[in-house]
Amino acid sequence: AAAALKERIEGTVLGPAPLFRLKGRHRALVLVKSTDRAASVASVRAAVETTASEWVKRGVSFSVDVDPQ
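For the sequence shown, the residue numbers in our numbering are 1 to 69.
In short, the hints are calculated from the structure, not lab data.
C-beta: ideal position from N, C-alpha, C; glycine also.
What follows is a set of in silico ranges between Cβ atoms, one per label pair, in the way DEER data are often shown:
#, residue 1, residue 2, range
1, A38, P18, 26 to 32 Å
2, G15, T35, 18 to 24 Å
3, T35, K57, 33 to 39 Å
4, L14, A52, 17 to 23 Å
Simulated pairs of lysine to aspartate or glutamate, EDC-like, Cα-Cα distance not exceeding 20 Å:
#, residue 1, residue 2
5, K6, E49
6, K6, D65
7, K6, E54
8, K6, D36
9, K33, D65
10, K33, E10
11, K33, E7
12, K6, D67
13, K33, D67
All chains should be modelled from the sequences, with the hints used to inform the complete structure.
The structure is reproduced here in structure tokens:
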């Protein structure tokens, strides 16, 4: 998903950065910084939809937080 975001978004994409394991699951964080919120949300949605369809068969799930502060 990070590679797809880097191609689509106007702004900064940081990551993926590994996070601690939770309930035996590996996790990673991708941070998007942009001044255009609507365009960023649309880009993230498109990247997740594209990537999730490839990874869902492997048991990978995605979670997106918008303005997680």
